[in-house]
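As given, the protein sequences belong to chains Z and U, one line each in that order. My numbering applies: residue 1 is where the first sequence begins, and numbers increase by one. My numbering applies: residue 1 is where the second sequence begins, and numbers increase by one.
Just to be clear, a hint being listed does not mean it is correct.
[Unchecked claim] In silico SDA-like cross-links for lysine to any residue, where the CA-CA straight-line distance does not exceed 25 Å:
#1 Lys263/Z x Ala352/Z
#2 Lys182/Z x Ala35/Z
#3 Lys182/Z x Tyr299/U
#4 Lys335/Z x Asp401/U
#5 Lys182/Z x Arg294/U
#6 Lys376/U x Val387/Z
#7 Lys335/Z x Leu400/U
#8 Lys34/Z x Arg15/Z
#9 Lys263/Z x Lys62/Z
#10 Lys62/Z x Met1/U
#11 Lys182/Z x Gln300/U
#12 Lys49/Z x Glu85/Z
In short, the hints are calculated from the structure, not lab data. Small disclaimer: the values here were computed from a predicted structure and weren't measured.
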Amino acid sequence: MDFRDTPEEASFRARLRDWLRHNLPAGWEEREPKAGRSDEAEARAWSRKLYEAGYAGLTWPKRYGGGGAPYTFQAILLEELARAEAPDHLNIIGLGMAGPTLMAHGTEAQKARHLEPILSTEQIFCQGFSEPGAGSDLASLRTRAVRDGDGFVLDGQKVWSSFAHVADWCILLARTNPEAPKHRGLTFFLVDMHAPGVEVRPLRQLTGDPEFNEIFLTGVRVPAGQVVGEVDGGWAVAMTTLLHERGTLGFALTTRLEVLLRKLVALARAPDGSGQRPADDPLVRDRIARQWVELQGLRFTNYRALTSLVRSGVPGPEGSVAKLHWSESNQRLTKLALELLGPEAQLDGDGAVWNGYWQYQQLRSRGNTIEAGTSEVLRNIIAERVVGLPRSR
Amino acid sequence: MDFAFSEEQEMLRASARGFLTAEYPLERVAALADGEPGWDPSSWARLAGLGWLGLSVAEDRGGAGASLVDEAVLFEETGRALYPGPFLATVGLALPALQAAAKTVPEALSAVLAGERSATLAWAEPDGPRTIAESGRAGCAAARDGGGWRLTGTKRLVPDLAIADDAVVVARAGSPDDRPREPAPDAGDGVSGGQRPGAAVGDPARVGLWLVDLGAEGAAVVSRSTMDGTRRLGDLVLDATPATELVAPGEAAPVLAATRLRALAAVACEAVGVAERARGFAVEYAGQREQFGRLIGSYQAVSHRIADAYVATELARSLAYWAAWCVASDDEQAPAACAAAKSAAGEAAVLAAENAIQCMGGIGFTWDHPLHRLYKRAQWIDAFEGHGAAHRRELATALLDG
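Looking at chain U on its own, in the form it has when it is part of the complex:
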């Protein structure tokens, strides 16, 4: 039993924090988020140079051969810094599919590792799946076209769609007319009950994963006005858009299940970074601001709120690291650990940000102060793959119906 990061992992944390603090202080993040294209594209090659993009990729595929436990440090630090780029989208969401296709489409993975391209994952659809867990119900149609494929359909709320180079798209082989309208009665979706957490994702029949070059003709990227400007969402409208098969139809379920768990652990770590940063603002302000002749942080109505945020964050931290370790070690508790970590960390980040806004009075309520940006990220995290209650529903199924 050993629950600490290694010396190398602590060095990685120190170097990540140093880099992000120097290059992306929150004032710069705010300026980037309020402008176009919403990030600093020159950062991508630098992240590749730092070895962040292929940390968990096997060495024989050009990566560093480390694990999600190492990446946990980076998700936490990029969350803490609100790094506005497709890091979570690429490494947290798209990478498992690119890795699954490492033999058949090696150039997709190597372009990411080289920092030449970034990627995201498109799973949600209007009137279709909202979560990765439900993505077996994908209605986006994949049709053969000679030796390749063409995709038709609309994907929604894709993270960092406008700034990513490629999208991994969940689609169904066949014509658009035979999409399933309702999930089959027995096909649990991992969220609305009926199965153990993460056991399988949706109805696997004919669902596959394809890579779409977002610059290709027929790939229409519709940017949406997004509460969290550091992680903008977009809709992807595909109309017989050329696509490369990554995971064959019928074989996507295990890749999506793995993607989902990895993503839950990753966003939980990100949430811990967001929560800690938000609390930091509250502590700093409450230690300087005087009212009625005293520092407001000496009033327990203020300090206990901050203490509660600390407690929630530390519990979430323990769960997030546990979840990352479970996923990295292929532990049988991974689905439950990820559900617990995601629900607790998302809620802790929201609590920490809300408590900070309250403790900072009017200042924390202004656009100029960066706190609202952390709050909005916390809310994206809380909503990702379903709010806390959705994950607790899964856990309750495992606890009470087995």
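Looking at chain Z on its own, in the form it has when it is part of the complex:
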């Protein structure tokens, strides 16, 4: 047990910090926080820079264009990027989900066609799993894929697809065998988002942002070479994807929470209109200290998860624990920020404190307990697969 960086880790971190200082847009550290996500052009340019510096696909094998670095380096990368509040990567689904899935289940031709372009952001990926009638019960999805000559024809509708409006490719689950039990009739496809019959419509969230989309598939032809894994064997492939979704993301999320807590502390220390510091209220003090404790609990649970990933090669149950707790902790923190703003909290946009930064963060946080596994599903996973309780269904 040792929580310090090894000499190699420390020098990687130092190089990375130096690189960030020189490559983030000028005045990045001094800029005022604002509402919303980083904009698309900024994200695209930033993704390119990361690729050119070798930070995209850091842990991917060198033969796929990756950096061949250990998982600990990836954790450091995610921590430092989040700490610097760097723009988002435009291809997180490609890097975090599609890529690892292809490395595990893809054919050589698929790997050659997609992996390097994922790293360079030439191929942006989105995910087509959820449907209007299939959310937590993903295996009940109804998008059909019917065999037609040397390929399949897809018809159906996908929903909650982030990045679909800019994506070139989609990792998509469709039903190839309606007769089989629901988990056994699914196939995992790579769908070209520019193919005829694919239509993307933005969905506006309660924040006002159209962060995700609906995807309508009407007679979309997909060649057999774009099936990942076995026909009707898509469920196992999709599980790999979801495992990776929660695998390393924890570091980025937890460090973002650290950044938010730093801002919350600054907010609490600043005197309000009547000259009072919220930080002098014992109830506020207790809640902020509790957030700090929760943050450290998450941080070290991530480290524990990382160690078990390094040792066993498979993400352990800590990932579900961390995601569940992070989402709820983030909701509490952002709500506390609005409380500290008092009646001012009602204002967003221009003229609001930090142009509505906290309002956006608070509203966006409500999605955290729904996306990437609802808190209810995560509690089921913990109850049934981790502590060994009987199945609820």
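Model the placement of chain U on the given structure of chain Z, informed by the hints.
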């Protein structure tokens, strides 16, 4: 960055669990706790034989030269087993003072390492300090008597007082009349604010540490009826009781600060063991008990409660191990890590036990089921050195007033 126990530490865990499961199943712990003297005194020499008592003591002093990270495994396992003996009192609370006196009073340390004697720490007083952090306000008086010392005063709520052989007593050199009634305005006590966590403990002037043989004449041990029967508390009434100086007057503050951090990390680990054991009962019961034709563990109202206890316990586990590592590595984050670990782990243990009681229905509410004993230990841990809010108060000071 490596957050795992070593192979040796995992072997230690396996052997500790094997020993405690075989020798101290909870039925036996319950029988011991409900009888006298409340523990199995023959276990002490066996713990010494297993090398548990001197694990973190340097090899040249007769120990194994390991660290609090190794001991963390033992605190967790003894917590899980509710081992009813003065292990935490001796190794978690008294050992730093005995180590500080390793040169001047080597026999005190060697008697513990040999399993011949056990010890506890007496810090609290009526109308005086309640926590180790406040123990600089100790009013118990130490007076010179020829070449030795005599202590006069009352110490309260001393863990395992009736079964320990010796007590390390926090006292003040001087006569009983000049005890401080109130803490000096600037003297932060580490709990009520005014300083960074664990920076110093109380007002250091003239406070020292003495060893009192609990069998000595003038040492009156008053056993108190204690909620947690596996860790009974007692009051120690001293009346010109002979005592041996361990840490000289004026020099106790750093030893008490180190004792406090070590103890916080140790009880946090113990809490993780308690929480895990309590959850185990809930899982076992919910996986067997049927109502309305289904196993009750398949109802999410039941299973999600248990999942929440698991989450709280795993977060506490991460914090407790981090705190133990920080203390063992003398890391500057140790005070904050210990405050975080203690507050989270104490509350996690209480939550896990309360959720288990709820999930087990009437069974978990009976005296016969051992669950209440875990619950009561969890409550001792939660109260030790102040409940969670007291530790968060410290953390808030560091976060918001620096």
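Handout entry: Violated hints - listed by number, lowest first
Key = 2, 8, 9
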